[in-house]
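Asker: These protein sequence lines map, in sequence, to chains A and B.
73 is the number that this note's numbering gives to position 73 of the first sequence; each next residue is one higher, with no gaps.
198 is the number that this note's numbering gives to position 84 of the second sequence; each next residue is one higher, with no gaps.
Not one of these hints is a red herring.
Among the chain A residues that face chain B by a calculated CB cut under 7 Å, a handful are: (1) Gly42; (2) Gly102; (3) Gly106.
Straight-line Cα separation of at most 20 Å, EDC-like style, residue types lysine to aspartate or glutamate; simulated pairs: (4) A:Lys9 to A:Asp38; (5) A:Lys9 to B:Glu155; (6) A:Lys9 to B:Glu152; (7) A:Lys71 to A:Glu30; (8) A:Lys9 to A:Glu79; (9) A:Lys95 to A:Asp26.
Honestly, the hints are just simulated from the structure, not real lab data.
Being a predicted model, the structure only gives us computed values, none of them experimental.
Note that beta-carbon positions come from the ideal geometry of N, C-alpha and C, so glycine has one too.
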Amino acid sequence: NAGVTQTPKFRVLKTGQSMTLLCAQDMNHEYMYWYRQDPGMGLRLIHYSVGEGTTAKGEVPDGYNVSRLKKQNFLLGLESAAPSQTSVYFCASSKTGTGSYGYTFGSGTRLTVV
Amino acid sequence: GQQLNQSPQSMFIQEGEDVSMNCTSSSIFNTWLWYKQEPGEGPVLLIALYKAGELTSNGRLTAQFGITRKDSFLNISASIPSDVGIYFCAHLTSGSRLTFGEGTQLTVNP
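Next up, chain A with everything else stripped away, as it sits in the complex (with noise of 0.2 Å):
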């Protein structure tokens, strides 16, 4: 019953190193997100997939990639991070795009950038 898995929980990385995040969800859904959490922002869609080997941009897609290489998992790229890209960041399924069965979100990744 694990829903959405995010790994790491936590990491510190030096600006201009790159990194991914790793997203998994048991579910079978079709669609995966990913968003950060800024103070005050609310959260805001970086990149998401409605399928196996599709992705598409969100409202923040500059300084990510991402990749749906198995219907299980999406993961987040930063190539070259830097300390504006220092927040939480969630990953998010559901079965269908209606929203009537609802988003299940992870429990996120907190990243910062020094």
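Start from chain A and add chain B according to the hints.
Answerer: Relative to the frame of chain A, chain B by itself:
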């Protein structure tokens, strides 16, 4: 993108009090969703609304989809300490993407 204006930004209340928060937009929406986020966790869906005028309850929570389709409110009755968290309104854009308001931080004093 379409902006959701959520108010108030924060609330400090005593246990047992009722709470009301709302969300407005300049655009017409077909859905309104309310989420709660507890510290260290991701948001969890509380209530989903799909029709103008719809009033839906989930325990002590009640939410309404405004008649104009540009607003929604969430009420919590008889608050308890475990109601603490950030409450977000959200709506679905085309392409099945959720757009969130800025959130209302609720603190409940025992």
